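These protein sequence lines map, in sequence, to chains A and B. Per numbering that gives the first Met the number 0, residue 0 is the first one in the first sequence, and the count goes up by one each step. Per numbering that gives the first Met the number 0, residue 0 is the first one in the second sequence, and the count goes up by one each step.
Just so you know, these hints were derived from the structure itself, not from any lab. From a predicted model like this one, the values you see are computed outputs, not experimental measurements. Hints may be right or wrong, so weigh each one.
As the list claims (entries may be wrong) - Chain B side only, calculated, beta carbon under 10 angstroms to chain A, not exhaustive: (1) A42; (2) P144; (3) M524; (4) G526; (5) P532; (6) I536; (7) R567; (8) S576; (9) D581; (10) N613; (11) E616; (12) E656; (13) N680.
As the list claims (entries may be wrong) - Here are the simulated BS3-like cross-link-like pairs (lysine-lysine), alpha carbons at most 30 angstroms apart as the crow flies: (14) K297/B x K200/A; (15) K239/A x K535/B; (16) K282/A x K489/B; (17) K546/B x K95/A; (18) K145/B x K100/A; (19) K236/A x K189/B; (20) K482/A x K371/A; (21) K470/A x K262/B; (22) K262/B x K200/A; (23) K239/A x K564/B; (24) K399/A x K145/B; (25) K297/B x K239/A.
Glycine included, each C-beta is placed from N, C-alpha and C at the ideal position.
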Amino acid sequence: MKTTQPNFCNQLNRREFIKDIGGGFAALGLTGMLAQDGFFASQALAKSAEFVNPLAPKPAPLPAKAKSVIFLFMYGGPSQVDTFDYKPELYPLDGKTIKVKTFGRGGHRNESRVVGPKWKFKQYGECGKYVSDLFPNIGECVDDIAFLHSMTADSPIHGSAMLMMNSGNLLSGHPSIGSWVNYGLGSVNENLPGFMVMLDKMGGPISGAKNWSSGYMPASYQGTVLRSQGTPILDLKNAKGIAGAEQRTLLDHLRMMNEGHLSTRYDNTNLSARVASYELAYKMQSSAPEAVDLDKEPSKIKELYGIDGTRTDDFGRKCLLARRMVERGVRFIQVYSGGHHNDANWDAHGDLVKNHELHAGNTDKPIAGLLKDLKQRGLLDETLVVWGGEFGRQPTAEYKEGTGRDHNAYGFTMWMAGGGIKGGVSVGQTDELGALAVEDKFHVRRLHATILNQLGLDPNNLSFFHGGLDKSLVGVEGAEPIKQIIT
Amino acid sequence: MTGWFSNILPGDELPDADAASITATGYQRLGVWDDEPADRKLARYDYLDDIVRTSGEVFLGMTIGCARCHDHKIDPISAKDYYSMLSFFANVTPHRQAQSNMVQVTSETPDPQALQTRRNWENRRNQIQKSVQSLKSEFFAKLDPKHLPKPNLNLSDARAGGLVWKYSLTNPGDAWETNGFGDAQWQVGKSGFGLRGTPGSIVNTEWKTKDIWLRHKFGLAELPKSLFLSFHHDEDITVFLNGRQILHRTGYSTYYQTEDVTKSAIPALQTGQNVLAVHVKQTIGGQFFDLSLRGFAKPVNLDHLINKHGKEVLSAGRFNLYKKDKGSLAKHLKTEPSASQYPVLAVAESGDHPIHVLRRGNPSLPGPLVSPAFPSVFGESKLVIPANYKTGNSSGRRRALAEWVASPDNPMTARVMVNRIWQYHFGRGIVRSSNDFGLQGDDPTHPDLLNWLAHQFVESGWDIKAMHRLIMSSQAYQRSSIPQDGALLKDPLNDLFWRFDMRRLQAEEVRDSILAVRGSLNLEMGGVSVTPPLPKIILQTASQPDKAWGNSTPRQANRRSVYVKVKRSLQDPILLSHDMADTDTTCPVRFTTTVPTQALTMMNGEFVNESALNFAERIRQNAGPSPREQVEKGLSLVFSRMPKPEEVEAGVRMMEEVAKAGGLSPKEALDRFALLALNLNEFIYLD
């Protein structure tokens, strides 16, 4: 007997059909409800069809704590022992060569010279969380944050580790987590893409668009690059020299001529969908600029995010934009701190102090501003904020001189806040050096499972049929959400 | 063996292998691969998996890849079958960052005289280059450091005391040149290395074997802006920096040559730990190796420095010689005859690598040993690869595989291929799941037709053109797409092909059609991929935006989309938004999604708007000033038919109203009409 699995790339007849009706198709991955012949037959004969955006909102299959996710991606890999993973025993070891197993871009090592943490730690909040002097502002928010100190990843090399953090796989070709969310939930606001990415002004991360690609899913689920300055979205502005009234007239005539074409092809809903998509695009053109217009924000808010012409201005704008996107129903927003190569991101191989002062200094106030602003608006409860890089850093030096640290995927820190996550807690532990996760190890897949879970998606059931297999973000072996931090 | 794919798998192993057949094997290099894998063994199997998985689906319509970790859950394909298939490719050399993915080929019609001309030209070039190079090196060695900025990297050679290297006299194996390689067991010695008494040498560590591999680690807090490598070698030397090859020289030198390696080596440098790795190979004795690397925090232009200080440093006579040689080199380079040899992306084999069934797909859990064999569902028979299939380093395995795949007796290949050809014409295959003819796939809607077409295909000698002709001359192909209520009710999915299903142009067809309509499609075939302009917002997504893409001439940029360079991380919005295939896995059937961002690209995008202006110009030139004739001309081009009077009327009205709305001149009104025409559904959807 034939199995009737949801199948996109192969486009089994019924899938083909759902696709033809313009897009309710994504819902199929979530529920088999539509897969009844009667439904399709009746749609087939509809003389005209409403445009159904593939990104139309879909109800979450499970109770959702969060409606949106803001993933603050610290590209390059921040050092845990210099930020949130307090290791008092590491300071006195500074300069001593000790036995410790490490694996980074410089390969496997059994002993290296310790670089003591370069910043002091201080206790913050009611929970008394130790945070380094790199993050005095985020320190004030610790009672809303759950720290994951025992993250592990499969690779300590940027390219594959980025793909792992974004798509759950070491090789490209798999949908990124934002695409999974787009596929699972759609976008509440049809005038904006459901998955947006803001990059560092220095450039994208390694592998560029592969980090927000939809892989084997349709391209409509991929991330859309949003800019905080200039035209916010590709091709959002009218072409040069075309005024608004002109564009409207042009669109009206386009619709009329397309409707003439449609009249003898009345059953083809792809054609009517395409007609409707131009209207939707027009609406995007008129509403998106408002969504990204920060001028309307009161100066107090701008100040909160560090939008003041100083070094925090750029990341502050991005964080504020992220909040505005959340308010407008965008599901998944990724904001990159760091891009390009070497010290243009958190990849502190050379001078640790210079590197981390730069990137932490650029982002500390904006991130704290975002958390505080979300909270004061009552949005933090339904917005999941995730902070972290593709891996962490070693407690030891990379080379003979200097303070630079190599990559570390054996143990690193990430944190989450809001969206049904407990505040003021820290789970998992690394060893006394901060080199290796030893207690409650959380693989990247557990983080992914937690994010999906908070959005009301079952990480082990959200799947997409491709290449003969039901594929999921968390892989064939599955992964459970991190229960310890869920309210 | 005939067929379109007869070269793709074994092109390098065929008795009549040539540039075209070797180039075809590049297919096996196009899968995704990790250039810095955390787990090399796994990465190797991932690479082989990509070839087996893709070939299985593409040629055989079988999801063989599903049997990597366990027997296929649905189809009769065992893990043993999977690894037996994988072993056909087991000896293909691994992907490397260095040059080894490229194979040198000789053009298909080598003319002996042209070959000789080229050789003479190269000899002369090398001769002058050598002279220029030696004078430059001499200058650099003698130049007073006060004319140079302060160095921020200084790895010295034996002339300044030498450098401590790790070295190995036995072959260290794969990946020895990469940063992460463990060299703790290697010996330690100070440069130079070689046989004492070799002319011009300063030997601190004796080396008298054939090969030496060396590694030196150094730290950097800040990257230099310019970099100079001085080296002395006897004989062939290859230098890697962080796994990337930055220099290769054959033969031997008698003095320290200096090269400006700023362009080739600085992109490989990184802050933190760097590894310089060197292999020197000796054949006739008198070995020597030494090098130094100097980096400066500011750019250094050696040519300018020589012009300024050359006379005093080199003496007037030698400075004049330098200038003369430099002039003749420039002149000589302009006379370059076409190369008959060029590098192509292709596969080669090396060694004999046993393959085991891997339990749960884990490279650390090897099970029983397997040998090349076809999936057992096709019948148990022992494969014997004829001895004469072995050529050079190649096992001949891929030739044996290709012969089986392309055999008229293979029950899958011809059916899978005719089904694809059918799909390209009709929008769907007779088997809709064109990569999966297995139990999870769809049944053929017309099994007898599929069998008959496959038979015709084999009979014709796998002639694709003949198959196009056959299909396109069928009644089914010629049917109208117009709906009929009765038929829609009985067969809404058009399983029976009672009509032709309308289809949207595929991404590449959209772009090519726009270029064709505007009259600038360049139909030139073959050659290097082209890089049409990309919007800035796309380029900025690259980690190095200024180096991410090329800059083709407008004529080259207007070539068909199959010649547009595919860079996985950077894609043209016009193609991507129209659901081009994902570049990482085989895509049997394109998606056809409709989203507002497509409309944005088609209305506001740079490419479409530039095209609209070109298109309008073409209309003006062909139709003259009358708006009616302009619309008629424009619509006839986008529709490929004469427009109806009411369509022309609608177009004329559009021009009038848009002119009114925007206060436009007639010229501008036509420009807008051209943009509208490129956005019409009838242009993008085929009836």
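Hints versus structure:
1. Hint status for A42/B relative to chain A: holds, with the closest Cβ pair at about 8 angstroms, below 10 angstroms.
2. With 10 angstroms as the threshold, the beta carbon of P144/B stays out of range of chain A, its nearest partner Cβ sitting at about 23 angstroms, so the hint is violated.
3. Hint on M524/B is violated. Least Cβ distance to chain A is approximately 28 angstroms, over the 10 angstroms limit.
4. A least Cβ separation of about 26 angstroms between G526/B and chain A goes past the 10 angstroms threshold, and the interface hint is therefore violated.
5. Violation of the interface hint for P532/B is found here, the shortest Cβ-Cβ separation to chain A being roughly 14 angstroms, above the 10 angstroms cut-off.
6. Because the closest C-beta pair between I536/B and chain A is about 5 angstroms apart, less than 10 angstroms, the hint holds.
7. Among the interface hints, the one on R567/B holds; its C-beta lies about 6 angstroms from the nearest C-beta in chain A, closer than the 10 angstroms criterion.
8. For S576/B, the interface hint holds, the least distance from its beta-carbon to any beta-carbon of chain A being 7 angstroms, beneath 10 angstroms.
9. A least Cβ separation of about 6 angstroms between D581/B and chain A falls short of the 10 angstroms threshold, and the interface hint therefore holds.
10. Contact between N613/B and chain A, as hinted, is not supported at the beta carbon level, the nearest pair being about 14 angstroms apart and thus beyond 10 angstroms.
11. For E616/B, the suggested interface contact is broken, since its CB lies about 15 angstroms from the closest CB of chain A, more than 10 angstroms.
12. For the restraint placing E656/B at the interface with chain A, the shortest Cβ-Cβ distance is roughly 5 angstroms, inside the 10 angstroms limit, so the hint holds.
13. The criterion of a C-beta within 10 angstroms of any C-beta in chain A is met by N680/B, whose closest approach is roughly 5 angstroms, and the hint holds.
14. Pair hint K297/B plus K200/A holds up; C-alpha atoms about 24 angstroms apart against a cutoff of 30 angstroms.
15. Annotation: proposed proximity of K239/A to K535/B holds, straight-line Cα distance about 15 angstroms (limit 30 angstroms).
16. In summary, the hint linking K282/A to K489/B is not supported, as the alpha carbons are separated by about 39 angstroms, beyond the 30 angstroms threshold.
17. Simply put, K546/B and K95/A have alpha-carbon atoms about 41 angstroms apart, too far for the 30 angstroms limit, and the pair is violated.
18. Annotation: proposed proximity of K145/B to K100/A is violated, straight-line Cα distance about 45 angstroms (limit 30 angstroms).
19. Note on K236/A and K189/B: the hinted pairing is violated, with a Cα-Cα distance of about 63 angstroms set against a maximum of 30 angstroms.
20. For the proposed pair K482/A and K371/A, the alpha carbon gap of about 25 angstroms is at most 30 angstroms, so the pair holds.
21. Note on K470/A and K262/B: the hinted pairing is violated, with a Cα-Cα distance of about 43 angstroms set against a maximum of 30 angstroms.
22. This hinted pair checks out: K262/B and K200/A have alpha carbons roughly 24 angstroms apart, not beyond 30 angstroms.
23. Between K239/A and K564/B the alpha-carbon distance is near 28 angstroms, which keeps this suggested pair within the 30 angstroms criterion.
24. At roughly 29 angstroms between alpha-carbon atoms, K399/A and K145/B fall within 30 angstroms of each other, so this suggested pair holds.
25. Taking the CA atoms of K297/B and K239/A, the gap is near 41 angstroms; set against the 30 angstroms cutoff, the hint is violated.
Going down the numbered hints, you'll see the structure goes against 2, 3, 4, 5, 10, 11, 16, 17, 18, 19, 21, 25, while the others check out.
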